[in-house]
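**Q** Residue numbers (our numbering), protein chains in the order written: chain A, 773 to 1274; chain B, 264 to 715.
Since the hints were derived computationally from the structure, they do not count as laboratory data. There could be a bad hint or two in this list.
No farther apart than 20 Å at their CA atoms in a straight line, the calculated lysine to any residue pairs in the SDA-like style are these [said to hold, decoys possible]:
no.	chain 1	residue 1	chain 2	residue 2
1	B	K476	A	V881
2	B	K276	B	L344
3	A	K860	B	S376
4	A	K1126	A	V881
5	B	K341	A	K860
6	B	K588	B	I351
7	A	K878	B	D394
Computed footprint of chain B on chain A; a stretch qualifies when at least three of its residues, placed anywhere within it, have a C-beta under 8 Å from a C-beta of chain B [said to hold, decoys possible]:
no.	stretch
8	815-827
9	876-885
10	901-914
11	993-1004
12	1008-1014
13	1173-1187
14	1239-1248
Note that CB positions come from ideal geometry on N, CA and C, so glycine has one too.
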Amino acid sequence: MSNHHLTDDFLRLPYEKLAELALTEARRLGASYADFRFERLRRQSIRLRDAHAETNIEDVEIGYCVRLLIDGAWGFAGSSDLDPAAVKATIKRAERVANASRPLLKERVELAPEPTYVDTFISDYDINPFSISLKDKIEHLSTLADIAQQADNIDHTSFDVDQVLENKFYANLEGSAITQQRIRVQGNLQATSIDRQTGRFESIRTNAAPAGRGWERFVSQYDYAGEISQLPSLLAAKHKAQSITPGRYDLVIDPTNLFLTIHESVGHATELDRALGYEANYAGTSFATIDNLDKLQYGSAAMTVTGDRTTPNGLATIGYDDEGVKAQKWDIIKIGRLVGYQLNRQMAPKLGLKQSNGCAFSDSFVHAPLQRMPNVSLAANTKDVTTDDLIAGVDNGIYIIGDNSWSIDMQRYNFQFTGQQFYRIKNGRLDGQLKDVAYQANTLEFWNSLVEVGGMSTYVLGGAFNCGKGQPGQVAPVSHGSPAALFKQINVLNTVAEANAA
Amino acid sequence: MTPQKIISAVLDKSKADECMVIVADYNKTNLRWAHTGLTTNGSSQHTYAAVISIINQRFGSYVVSLDKLTNPAELAAKSELAARQSPIAKDYQPLLAKTPDSRPTDRLSAEPSLAGFTSKLGRTFERAGRDKLELFGYCEFQNTRYNLGLSTGLRRHHEHQHGQLELNAKSADFRRSVWAGSSFKDINRADPATLYKTLKLKAGWSRQQIKLKPGRYETILESSAVADLLLFAYWMSSARLAEEGHSAYSAKAGGSLIGQKLYSSDISIYSDPFKPGLETTPFNVVFSSGLEESVFDNGLELKRTDWVKNGVQRHLLAPRYLVKKYGYQRATPFIPNLIFEHAGANTDDMIKATKYGLLVTCLWYIREVDPQSLLLTGLTRDGTFLIENGQVKGAVNNFRFNMSPITMLKQVAEIGHSQPTLAREFGDYFPLTIMPALRVADFNMSSVSQAL
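Full structure from sequences and hints, please.
**A** This is the structure:
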């Protein structure tokens, strides 16, 4: 919990008055459950191209929504009109949605109970990015970008930075009233080098994960200058690197890459709404259906994964979810076995559970909350196993750093990932860069090929700023802690060969 | 306050050299269903303004939700502060001058009633129940309006409607799964019964299930699959990246591929904001500059743009400031519809003309693997079939593909009959497409996906 206060400009907004109006009206309509959510989302994006700021935009989205249950049917409506008269009209719209939906319901919506809370939560950060002037930010980012831009072999750079200040006020008919404030940032610099003789170009970027932190991420908490200064030489070596010969290799995967594989192949696969078919038309389903709970050997014994909405500086870290459920931590995979799912209050009873584990989230007042991912993290080895130790155990393999392209099928089986940097491992040592690498696997085969995970010295909290799900589409921020890890005999493709015509 | 009054009030308070105000509002209604029952449904409305101030050729952009308490002077001041703190814009151009414009509307059209659609959907639910199929899907309808005002006196206004419907039918064990989608301008055109007819046919084809190995197959991509691949190619067609030399649209010898014949003369792809049925905002609306767009082009009239004509790459995405730099004829900004017209065979006839090949309904999780070749990866989904001797033999396992849409267009063996279509993956964000089915030689199905 941070020492900061709710920002004054949020406190000035009439969220408590509108909540009282909305919930009184919902009670009058006979709603068995109703919640009111007020959102103020302040975002700023700065984009530098070739160390010059070309994009700057600040966006402040303010509005509220009402979700109510009438005779077992959901109604939802949101509006940016803060006039009290508009609140009543919004509730009427929500009632109309519930009434229109009811004839086509298959089952009445039942919610898991939750204690009531009156509380305030503010995320942990040092510097509110909106307290720093745009001028100072641009100057700082330009200085960082220049480190790469001035190198002889760098033709172009791009530096994309996003900052978010999120305020939510949630109140329900049960008596909860929760005010929350979170800050998150992301930023990475990409450098590109073009071989004018061949027309071939290569890029490489920093591996700074988005984080539940403030502007300190860019000035002190992460060593951008150090990492950017290495990009020109890394890129020069990447140009000259040997193109990978396709085949099966042992992979040592750095947490800067593995976080995304965890996100796609474990995080999404263990969402209960997906496992039950609620996302079947869009995001998809899951192979990890509920008959597999406590039975499925998801991975090797080296694999333990938790869901956690309390991870320090996690992007999905919060005090309470968007249904008023208190943040918590639980096991999803324990010693390789599937033992838990991500839940909201509607999903929990379907698994016979009495309470949700707090995974409801909505990205905006215009959207109803869905079950969204908590911070899903792979546990580190209790022994002090280093990345060098993992590499030392490999005769013929590849060490992969940084995330890049990703794709996984609609049941979370077949995936393909690339990366930023690839190094050949020969007889337990790194032996120069490789390029054109993609690894492709089946989720269960991949995680059951996990030989060993690194210790806490290798652990990094990675993450994604805008994970997509649902219709209408919503984005959610989520972090994934991971150690380095060794996987045996994974299928590796050559991306240039894949692109060539037959 | 009406959008016009907000625009006037902000422009009155502006102390910048130049100022642009965009007031946007929308209302949206959506229904979602799973296991043949409605789940999360909603209705929302949002009104917001973007104020872009120009001071000494620097710009600042401030966007905020609007309500009656909004202070126009505060909006102007915030964007002016951002402008003063920004460097000189490399994309600076004088703002567009005043031109005659149509009369604006005072109110956004009301959101449509759901009653008519839900009764149609209910009848389709009943049919599916009789056929022992479960239905999943989504329908939304949105009214969107843009009002634009510039300190030069330029005013532009436009409202458009669009909706989309998706239907996914599955057998109870999920082993058979088929999808169809459509987009429309009038909620009364949302027609689940017609989509369901296609689903029933394909669910029938899926009773026979065949395992196939990965490889390069002659493949008929239906129009939805073609739309997803060509939308990605469209989004990646930045003129600037191409001219700078780091894009699949860069020529090896330097410069871009503009003017080069890349594909068969039968291939022409364009955008047109006035295309009947696919009408969209006919002027440029840009909140902040980026690689392919410039705030200084706000209000620029959009007109038909041929991206590929008779196989020749004619244009790439280019804002005004690149026109002189690269010697282009005119600016060619992004237009949110994409049209590939061809009067070829219908899909049934394409199937009949196939000795051995695949039929792919739609694609999913499409991502760029290699920007050099624009290699994309993704999955086939909800309707992949084997064709033998002119007949569909049954459903086959899904595949992960690795294929560049540029290579795909070069390997086109037959172009079908174009029709309005909904891209399965990107249709949520880009629903306005007209595409044919394509027969593609050697489509690279890289591995098998077990996904049902």
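**Q** All the hints need checking, so say for each whether the structure fits it.
**A** Here is how each hint holds up against the structure:
For a cut-off of 20 Å, the pair hint linking B/K476 to A/V881 is broken: about 43 Å separates their Cα positions. Between B/K276 and B/L344, the direct Cα distance comes to roughly 14 Å. Compliance with the 20 Å bound is thereby established for this hinted pair. As the CA atoms of A/K860 and B/S376 are separated by approximately 18 Å, the hinted pair is consistent with the 20 Å bound. Distance check on the hinted pair: A/K1126 and A/V881 sit about 15 Å apart at the alpha-carbon level, within 20 Å; holds.
Under the criterion of a C-alpha separation no larger than 20 Å, the hint pairing B/K341 with A/K860 is inconsistent with the structure, at around 32 Å. With a C-alpha separation of about 17 Å, the suggested pairing of B/K588 with B/I351 holds against the 20 Å cut-off. For the hint linking A/K878 to B/D394, the alpha-carbon distance of about 17 Å falls within 20 Å, and the restraint holds. With 7 residues carrying a beta carbon less than 8 Å from a beta carbon of chain B, the stretch 815-827 of chain A meets the three-residue requirement, and the given coverage holds.
Counting residues of the stretch 876-885 of chain A whose beta-carbon sits less than 8 Å from any beta-carbon of chain B gives 4, enough to reach three: the coverage restraint holds. For the stretch 901-914 of chain A, the proposed coverage by chain B is satisfied: 4 residues have a C-beta within less than 8 Å of a C-beta in that chain, meeting the threshold of three. Three residues within the 8 Å Cβ limit are the bar, and the stretch 993-1004 of chain A against chain B gives 0, so the coverage statement is violated. Here the stretch 1008-1014 of chain A counts 0 residues with a CB under 8 Å from a CB of chain B, which misses the bar of 3, and the coverage is violated.
For the stretch 1173-1187 of chain A, the proposed coverage by chain B is satisfied: 10 residues have a C-beta within less than 8 Å of a C-beta in that chain, meeting the threshold of three. Coverage of a stretch by a chain is defined here by at least three residues with a beta carbon nearer than 8 Å to that chain's beta carbons; for the stretch 1239-1248 of chain A and chain B the count is 4, and the condition holds.
In summary, the numbered hints that this structure violates are 1, 5, 11 and 12.
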